Structures are given as structure tokens and as C-alpha cells.
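Chains as they are written, first to last, in the numbering used here: chain A, -10 to 409; chain B, -10 to 409.
I should point out that these hints are in silico values taken from the structure, not numbers from a laboratory.
For clarity, every value in this text was computed on a predicted model and none was experimentally measured.
Using N, Cα and C, we set each Cβ at its ideal position, and we do this for glycine too.
Keep in mind that a hint or two might mislead.
Ranges between beta-carbon positions, derived for each pair [to be verified]:
#1 B:His402 - A:Arg76: 36 to 42 Å
#2 A:Pro197 - B:Asn100: 32 to 38 Å
#3 A:Pro404 - B:Asp352: 27 to 33 Å
#4 B:Asp352 - A:Leu104: 32 to 38 Å
#5 B:Glu51 - A:Ala115: 28 to 34 Å
#6 A:Asp191 - B:Glu86: 40 to 46 Å
2 protein chains.
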Amino acid sequence: MPLLPDVEIMTIGDELLYGQVIDTNSAFMGQELAKIGLRVRQISSVSDRADEIVAALDQARERAQVVLITGGLGPTKDDLTKHVLARYFQTELVLHEPTLEHVEGIFRRFNRPMLDVNRQQALVPANCEVLFNAVGTAPGMWFEDQGTVFVSMPGVPHEMKYLMTEAVLPRLQQRFQVPPIEHVVVQTVGLGESFLAEQIADWEAALPTNFKLAYLPYLGGVRLRLTGHADGLPDLRPRMEALLPELRARLGEHVFAEGEVKLEEAIGRLLQERGLTLGTAESCTGGLLAHRITSIPGSSAYFLGSIVAYDNRVKQQQLDVKAETLAAYGAVSEETVREMAEGARQRLGVDVALATSGIAGPDGGTTDKPVGTICIAYADAHQTVSRRLTFNRGRQLNVEYTVTMALNLLRLHLPALAEA
Amino acid sequence: MPLLPDVEIMTIGDELLYGQVIDTNSAFMGQELAKIGLRVRQISSVSDRADEIVAALDQARERAQVVLITGGLGPTKDDLTKHVLARYFQTELVLHEPTLEHVEGIFRRFNRPMLDVNRQQALVPANCEVLFNAVGTAPGMWFEDQGTVFVSMPGVPHEMKYLMTEAVLPRLQQRFQVPPIEHVVVQTVGLGESFLAEQIADWEAALPTNFKLAYLPYLGGVRLRLTGHADGLPDLRPRMEALLPELRARLGEHVFAEGEVKLEEAIGRLLQERGLTLGTAESCTGGLLAHRITSIPGSSAYFLGSIVAYDNRVKQQQLDVKAETLAAYGAVSEETVREMAEGARQRLGVDVALATSGIAGPDGGTTDKPVGTICIAYADAHQTVSRRLTFNRGRQLNVEYTVTMALNLLRLHLPALAEA
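Could you build the full structure based on these sequences and the hints that come with them?
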């Protein structure tokens, strides 16, 4: 097995040090590198000053064999990074014809005049290999210097992602003969990390030593990622997949998908398979439930609408919640939320409906119903189901949790395919 | 003027290097340090390995006089950081009685059994000064070692923020005699950075040399932050504020607030001052408009509800949009969105209403109405106003931009206080 290189990530820009921009590029790079089995040794964010960039480059190459650099490549940054890199490698900038043609083509297509600053994007240090950037004007650059690989990418996230995926990761795998690695992701919802770990402890303990399970928690659930490192035996992936039926059996209804699928996406598929339409009635979630559902492209095929009934009058007038129900049980009650779901079905003319009502906080709590009291309901032609939950981690998280739990309630009660 | 120290930020945790967690702590610290006039020299994220933490500490103190460390302090992290720090400073861990009492108090209050791991949170390196953490169990720690200040804080964001605000920033100001610095923030919306800069170029050029203006862009607008550094003359802040009337005059209706106020918050205040209620009718924004409005605590005082009419049938049945209007102009048209706003006013029984309809993408565009075509409308008792806009930067950003523009439309057309 070849010795794998450590990787260092360096992001350049005063705006990172001032905290005006949150560095999300490093997290993406870290995730993708972990997926191919490479370790990130350190992430550094440095200023736009040439001497400080050089000092950071010197330190990075002491720690790692690969240094991935982002930022400082756009025309507004005065191409600082590539000038610094040219000086660092004691070479000069040369014109890269294919990049110039690419940039010219982009400006022709958008019918915009090309400025000198745009033309300069085609200048690159003479010792680099250019990585073609199909989604922007600043090219990626690959350097090898005394055994260390340096790669420079634009700081614009979607350009960096394109270059990482299309050029940098495959090249690193080839250059360092990184052994193949496979991942299988199982999405779960509704079970905390420690409960989940308990249910699969012996399954996990019995995994071959080249298989590793990672718990990746999110609000309301956990993604499980099984990673298989090559062991010289054939059929790595099929052997991993053969372990999944037992995992699914242990976790039962908590598993909602395999692969990188969001809960709202999984629900869209279930609805489309059954030819069912969905609507929502929202109080405490204030529109976020509908927003999560409609964040999936194509959701208009099954999602018809929502009635956000923040005020009790709207609950009565638009959702036909009875005044007596509100008086007897209050707006945050299973009784009210059931009527909201049923009202949404009728009013929106949908097959299935979800409803939410809760005390998101910070105010509005009582002794009986403290902040974090949440009621959710699901209704279809045959049944109405409701739940009362408690979750209190601040207004925003309370609302996000409610949305996830409501989506899950739908998933668990949607009629089976044959019935729908 | 005393020489100001450079600051180094160090975040500890394998989860940062794997990209499982995005480091938002550094951005907060960078912002707050910039506000008091201190420069961040570098931000480093390092692993949980003791030798790598020590190497990073050695390098950080070479570059800066203050090193702020977060992460590695919770019980689940096995208190790694403080053990490493104790060894780094060649001292041992000692029990800090006030912290033990504080932790015991928290467990008593929640009536939970205290484990040994919780008790160990009261152990701190003998050479540190403890910074009291009122919002958690892991204390902050302040070290001075051969002229360098090291501060260790928990990685939990709200605990780090508490310690920064209450203890670290004031102590740094005092310890290094940081001269006072004042900030005045002016919030604008609806004008791009370069247009805005043009309108105030000569105003900005005429600022005293100790006043600096920062442009902080967000989707749909720009925050302007005027920073005043002490110049030995009295009344720094009043002198800064005296410049604002001219700035406001230049930017006119684009200014919506002074200070750290969100647009949805500013609108809530305007509605409350006028005693008006608000409702929304949403197509392309799919609930996000209502969610942004209801993300403000107390919004139930003026926001009654929303009808998310994703489907045309819902637009007709719940918002009384005419079939002829939809047939003649389509769902994405000023005609339709005006009827939506008027329908929402009637159906929700609100004083003023906002409506949105657009092609968020990635699909659904036509030659006439490409992806990114957006229509918004405002309606009150006296008038209905609509706009057609174009904005295409991907589904999620298109929707977010539409929400901001709709909120701004309301702000610009709400009746003046005397009329309402």
C-alpha cells in the first residue's frame, strides 16, 4: 500500500479574517478529500499580503505533500495569488492561449466588452499545468515543486467545486496511487445518535477492519456513512451493500433512503410514485415547511400549496378549525392541529396534508405548554394522525425540527403503494 | 498610540478537517475583533492530536501576540485541549472550586445525575485565570506566557460568543490599551455595491483620515459600516453621527435602518407603529416570505398568515385570481400577482398584503419569461403596486432575492404614519 500524502488547505482573503465571509470552501474540500481517503492536516486562512501568503506556503509544505489553495484569483483581487505563486516558484507569468480563447468566448457569448483585466486572467505562472475551468474565467493551476503538489483554484464556490470534482480529486488519486475507497450512505431520521449506535453496536463491531462507519448527525436524525477501503479482494462495493439489509432491519422505519437524498426529496418521490398531491397548514413553522418542500426542483408536480395560519382567525376562516376546539384545547394542541390538517386537505383540494402548531419561543410559553411544545398532524382520505413533541433549542431550531418531524410523520403514514 | 497586537485564531477538531462542521466561530471572532480594531493574522483549524495542536501553538505565537483557541473543551472531547495546554505550559490541572459549584448548580437545576466526566470540567491548568461561563459548563481560560496571551474557549457557538463578548474582548482592550473605536451601521437595500459607491464617492473621499467606510454586501443590498478611530478629539461618536444625514440624503429611499436591524425586523416595526396587519400570497417563494417574516420573535402581533398558492387552482380558489387573468397573462405576470395580493388582503382579513410569482428554475423558463423572471405586488386599502424583475443565480438565491425585493416593496409603499 503506497504512503498516502497529507493535504493542507489554504484559503486566501482579508474578508475571511474580518469574518465578512464564512469559509465554506474548506468544508467542501475536507469532505471530498475524506471520501477518497486523504487526510487534511490543517486548514489555514491567510491575508492578501504577499509576504504572509509566502510564509504560509512555506509552513504548509513542511506539514503536507499537497497544498490546495483557493481565493485571490478573480479579476477584483488583482490576481494577487498567481503573482505571488510565480514569484514563489521563481518563474514568470506567461499567456495561456486556450484560456484566453475560453475567456474571449465567454465575453462574446454575453456580448460584453472585454477589459484588459479580463485578458490578464489568461496569464499563468510558466511552471504550472492549467486546469480548465469550464464554469468561470479564472483557470485552476497545478504545480509540482520539489516533491510537493500545489493547486490553486478560484475562491468562487461553484468554480472551486467544479475544479475539485473534475480535475483535482482524480489527479490526486492518480498521482499518489490512492487505493480505491467506496462509500455507502444510509439516511435515518427520528433517532438520536446514541440510541442509534446502541441498536447497531454488534453489527458495527462485526464489520471487517477495512470497513468504517461514520455517524453524521443533523437536526432530527443521523446520516450513516459506511466507508470501505480496498483490501485486495474483489467486489468491494457489493460486499458493503450485502451488509445493508441487516442494518436496515435493525433501524426499521428510521431509514428513509440510501445515498445523498434529503428527506423532502424522498417524500417527493413517495408522493409521485403514488400519484398523490400534498398541501400543508402551518402555524409555528410559519411557511418553512412549504419552503423545504418547494426547495426541491420539480416539487410543483405534487405540492399544491400551504395555508400559513399564524393567527387563530386564519385557522378558523381558511382551515375551518372550530372556535370550540380552539377555546377548549388551545391553538397548540393535537385537537387543533388535526382540524388544521383536515381543513388543508379540503381547502387546498389535496390528497394528503400536514399541519404544524407549536410554541417556537422565545415568548408564549405557559406552565402547561412551555416553549418547545409542538403538535403535528397528518391527514389523508382514510385517517388523521397527530403527535405532540417537545423540543427546545431556540426559535429557529425549534421550527426546523418541527418541519423535519412533520415530513417524517407523512413518510410513516402515507398509504402503501398498492392502496394509494 | 500603543502598538496593537495581532490576533491568531485556532479552532480545534477533526470534524472541521473532515468538513463535517463548517467553522462559523472564526468568522464571529474575526468580526468582533475587527470592531475593536484588532487585526486577525491567520485562522488555523487543526486536528485533535496533541502533537499537532502543540506545533500549531508554537507557530501561532511566532506570528501573533494573542492566540484565541476554541473547541476541544466539552466533556465529549475528553477535555483534550486543557490537558494539552497544561502540558504545553508545563503545569498541572487543579480543581477550580467556583466552576465546580457552577456545574453542580446546573445539574441540580435540571435534576440530572452528575457524572465524573462533568465534575472534571472544573479542572483547569494551574497557571490560567478562569473566565466564568454563565451559559455552559466548560469555563474559559486566560493564560499569559512569555508575553503572549492565550485564551481557550468552548467550541459551542453560543458559549464562545458569550465568553468573547463578556470577557475576552473587554480584557483585550484593557490589557493592550486598545484605543476606543466606534461603529455606525447604515442598512441599505435595492442598490448594488458599485452604484452605491458611485453615489457617495465624494462623501466618502471627504471623510477624515481616521474614519473608514466598509461595504458589506448581502443578497439584495449592502450594509455600510462607518468606523471611527480615536483621534484625541472629544465626541468621536457624535462627529460620526453628524455625517449621516448627508449619507442618507445621497442614498434616499435605499436606507432602511441604522444599526444591526434586518429588513424583516424594520418592516415589523413600521407595521406596529401604524397598527397594521400583514398577510402574504406566495407562489415562487413557496413559504419563504412568510418564514422570513415569522423568524422575528413577536411577529405574531402583526403577521396573520400566508396563502402559498403553488398551484394555479389554489390561486383561483383561495386567492380569487380570475381564470381569465391566468389564461391571458400567465401565473408569472404583474396582472396575476396583483390579484394575488388583493385576494390575500380579502381572504386573510389583513390591512396590507404582499404577493410573489416567478420562475425560480431550474426548469419552467420560456423565451418570453426565462428562468429568473419575478413578479411581486403590494396591496393596501388604497392602492396595489406591482413590479417585474429579473434575477437568475440559481433556484435558492432567486427565491431569497424575491423575498427581499417583496419586503422592500412593502417598505416603500406603506402609508405614511399620519395616513395609516
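Hints, one by one, checked against the model:
1. Range check, B:His402 to A:Arg76: about 55 Å between beta-carbon atoms, so the 36 to 42 Å window is missed.
2. Taking 32 to 38 Å as the suggested C-beta distance range, the pair A:Pro197 and B:Asn100 does not conform, at roughly 44 Å.
3. Taking the beta carbon of each, A:Pro404 and B:Asp352 are about 29 Å apart, inside 27 to 33 Å as hinted.
4. Judged by the Cβ atoms, the range 32 to 38 Å given for B:Asp352 and A:Leu104 holds: they are separated by roughly 34 Å.
5. Roughly 33 Å separates the CB atoms of B:Glu51 and A:Ala115, a value that falls within the hinted 28 to 34 Å.
6. The given range of 40 to 46 Å is respected by A:Asp191 and B:Glu86, whose C-beta atoms sit roughly 43 Å from each other.
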